[in-house]
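First to last, the sequence lines map onto chains U and F.
Using the numbering used here, you'd call the opening residue of the first sequence number -1 and step up by one each time.
Using the numbering used here, you'd call the opening residue of the second sequence number 124 and step up by one each time.
Everything labelled a hint here was simulated from the structure, so no lab data went into it.
Beta carbons: idealized from backbone N, C-alpha and C, even for Gly.
Treat each hint with caution, since some may be false.
[As the list claims (entries may be wrong)] Dumping the calculated DSS-like pairs for lysine-lysine here, alpha-carbon to alpha-carbon at most 27 Å:
| id | chain 1 | residue 1 | chain 2 | residue 2 |
| --- | --- | --- | --- | --- |
| 1 | U | Lys196 | F | Lys223 |
| 2 | U | Lys54 | U | Lys73 |
| 3 | U | Lys239 | U | Lys307 |
| 4 | U | Lys287 | U | Lys131 |
| 5 | U | Lys117 | U | Lys54 |
| 6 | U | Lys151 | U | Lys73 |
| 7 | F | Lys223 | U | Lys213 |
| 8 | F | Lys224 | U | Lys35 |
| 9 | U | Lys307 | F | Lys217 |
| 10 | U | Lys53 | U | Lys177 |
| 11 | U | Lys131 | U | Lys69 |
| 12 | U | Lys290 | U | Lys308 |
| 13 | U | Lys213 | F | Lys217 |
| 14 | F | Lys217 | U | Lys29 |
| 15 | U | Lys69 | U | Lys109 |
| 16 | U | Lys53 | U | Lys175 |
| 17 | U | Lys175 | U | Lys35 |
| 18 | U | Lys239 | U | Lys308 |
| 19 | F | Lys217 | U | Lys117 |
| 20 | U | Lys151 | U | Lys109 |
| 21 | F | Lys224 | U | Lys29 |
| 22 | U | Lys251 | U | Lys239 |
| 23 | F | Lys223 | U | Lys29 |
| 24 | U | Lys196 | F | Lys224 |
| 25 | U | Lys117 | U | Lys239 |
| 26 | U | Lys308 | U | Lys296 |
| 27 | U | Lys177 | U | Lys54 |
| 28 | U | Lys35 | U | Lys177 |
| 29 | U | Lys290 | U | Lys307 |
| 30 | U | Lys69 | U | Lys54 |
| 31 | U | Lys251 | U | Lys69 |
| 32 | U | Lys177 | U | Lys29 |
| 33 | U | Lys251 | U | Lys109 |
| 34 | F | Lys224 | F | Lys181 |
| 35 | F | Lys217 | U | Lys239 |
| 36 | U | Lys213 | F | Lys224 |
[To be verified] Only part of the chain U face toward chain F is listed, based on derived beta-carbon distances under 10 Å:
| id | residue |
| --- | --- |
| 37 | Glu18 |
| 38 | Glu20 |
| 39 | Glu21 |
| 40 | Ile22 |
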Amino acid sequence: MISCYGCDSIKTSNINDFIECEEIGMGTIIKQRVYGKNARTVADEVTEALNSIEKKLSVNLEGSEIDRLNKNAGKSYVTLSEDTCFVLEKSLYYSRLSDGRFNPMVGPLVKAWGINTDKQRVPEQTEIADILKLVDVNDILLDKKSSRCMLAKEGQLLDLGGIVKGYAGDVAAEIYKRKGIESAYINLGGNVVVVGNKPDGTPWEIGIQDPRDVKGSIIGTVNITDQAVVTSGDYERFFEKDNIRYHHIIDPKTGYPADSGLMSVTVIMDASIDADALSTAAFVLGLDKGMKLIEDIKGAEGIFITTDKKIYVTVGLRNIFNQNEKANGYEYVQKR
Amino acid sequence: MNMFKKGDFLLTVIVIVLALTALAFFKCYSSNDAKEQRIAIVKANGNILYRINLDNIKESRDIALPESSGEIIRVERGRIRFLSADCPDNLCVKTGWLSKKGDMAVCLPNRIIIKIEGMKDN
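Only chain U is shown next, with the shape it has when bound in the complex (with noise of 0.2 Å):
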């Protein structure tokens, strides 16, 4: 499904030779860019890697894990792989963290409003609030011992999309430990991980991107090293009908796209399975509410853009977060 056949690999000197590399897969853009002798093989391996997470965590491919999982709502068990019940186990554990607002069970809410296909529509407030009776999370039955795993209704459908990116960059990089990179980028539909330094020793210099800008211009960069770094905005995946935007970051409670008053949140945490969970929390939750929950988490950094364009960032980034001079009209708060 995917293939790394395409890579170019770059030859600067012994020491920087590097592999760089797109492909398409779960539903986005998967760019490398890996430094070493072996780097051609890792990133061929990587690339197998996430094709099988996709096969079996994905909720449009048929015969996947989920997709049988699905299936069977309200109806039987289904035994789950590893992968699955850790990645499972993780949105349980948001889910509760975040009052809901991470939520895996949107499953529905997604289907209706069409996100990821090309028939995006507006559903009818009453079968929203049909829908919003499948989405509890005490109906995943889960049975730990025997790796085993049932919805309770007919109808519920499980989506890991809010976190199987996160879940697929910690894996990268763990090949790209293991097989000796010293370092090395993956940007999966802006879910960023890095391995290291770059080879000269200075950190990666990760972009922020404007909400706003279709060319992608950035309007800060953070510099990371052995750390991932997970955009969840509402200008990833939109549709617009009569002058209103409806973006595909659903609120559970409300079943609508979250109106929080943000346009994007950042967070920046060692693992990217946590933080592609997070950042979505953190931007259905809201401004005071979503700094508040990265902020008690240790390890954690959030920058918060609002629809008003002004940036904010968790104390921890207040001397790291490096605004970029040209920024189209966004303004940096310090709060408190």
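Place chain F on chain U using the hints.
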């Protein structure tokens, strides 16, 4: 007798200067040529369909991709782009011309990537 020697000397100098200039020009031109070669890659579903040296293109041409209907790529000297596509938002087409190393356009729904090999100059 003096004039003759001077003439010789001058001629020799001129020949040497010309030779050096020609050498420098040749070296400069050919290494520039190698650096400027822009190779566009067209990938569908991860498989390379085409590898096109954009700097060798003489006439513009259109390529209809076999794997998906409605996808047409236009190739001209030094540049390449999605010309038309059947995907809903046509972001691939809207990306426009790719002409520099590292430039890329993607049609996600049809899983097609066009990229000019190499790195962007930062």
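Structure-based check of each hint:
1. U/Lys196 to F/Lys223: holds, 24 Å
2. U/Lys54 to U/Lys73: holds, 20 Å
3. U/Lys239 to U/Lys307: holds, 23 Å
4. U/Lys287 to U/Lys131: Given that 27 Å is the threshold and the Cα spacing comes to 25 Å, the pair holds.
5. U/Lys117 to U/Lys54: Cα-Cα ~25 Å, so holds.
6. U/Lys151 to U/Lys73: Satisfied, since the Cα-Cα distance of roughly 8 Å is no more than 27 Å.
7. F/Lys223 to U/Lys213: Roughly 16 Å between the alpha carbons, so the hint for lysine 223 of chain F and lysine 213 of chain U holds.
8. F/Lys224 to U/Lys35: holds, 23 Å
9. U/Lys307 to F/Lys217: Holds: lysine 307 of chain U and lysine 217 of chain F sit about 26 Å apart, inside 27 Å.
10. U/Lys53 to U/Lys177: holds, 24 Å
11. U/Lys131 to U/Lys69: holds, 18 Å
12. U/Lys290 to U/Lys308: holds, 17 Å
13. U/Lys213 to F/Lys217: Status holds; Cα separation ~11 Å.
14. F/Lys217 to U/Lys29: holds, 21 Å
15. U/Lys69 to U/Lys109: holds, 14 Å
16. U/Lys53 to U/Lys175: Roughly 24 Å between the alpha carbons, so the hint for lysine 53 of chain U and lysine 175 of chain U holds.
17. U/Lys175 to U/Lys35: holds, 14 Å
18. U/Lys239 to U/Lys308: OK: lysine 239 of chain U and lysine 308 of chain U at ~26 Å, within 27 Å.
19. F/Lys217 to U/Lys117: The hint holds at about 21 Å.
20. U/Lys151 to U/Lys109: holds, 16 Å
21. F/Lys224 to U/Lys29: holds, 16 Å
22. U/Lys251 to U/Lys239: The given pair, whose Cα atoms are some 22 Å apart, holds under the 27 Å limit.
23. F/Lys223 to U/Lys29: Holds - the C-alpha atoms of lysine 29 of chain U and lysine 223 of chain F are around 18 Å apart, at most 27 Å.
24. U/Lys196 to F/Lys224: Since the Cα atoms of lysine 196 of chain U and lysine 224 of chain F sit roughly 21 Å apart, the hinted pair holds (cutoff 27 Å).
25. U/Lys117 to U/Lys239: holds, 13 Å
26. U/Lys308 to U/Lys296: holds, 25 Å
27. U/Lys177 to U/Lys54: Within the cut-off at roughly 24 Å; holds.
28. U/Lys35 to U/Lys177: holds, 11 Å
29. U/Lys290 to U/Lys307: Holds, at about 20 Å.
30. U/Lys69 to U/Lys54: holds, 14 Å
31. U/Lys251 to U/Lys69: Holds, because 24 Å separates the two Cα atoms, which is no more than 27 Å.
32. U/Lys177 to U/Lys29: holds, 19 Å
33. U/Lys251 to U/Lys109: holds, 16 Å
34. F/Lys224 to F/Lys181: Holds, at roughly 19 Å.
35. F/Lys217 to U/Lys239: holds, 20 Å
36. U/Lys213 to F/Lys224: holds, 17 Å
37. Glu18: holds, 7 Å
38. Glu20: holds, 6 Å
39. Glu21: Result: holds, 6 Å to nearest chain F Cβ.
40. Ile22: Hint on isoleucine 22 of chain U: holds, closest Cβ of chain F at ~5 Å, below 10 Å.
Figure legend: structure checked against the earlier numbered hints; every hint is met.
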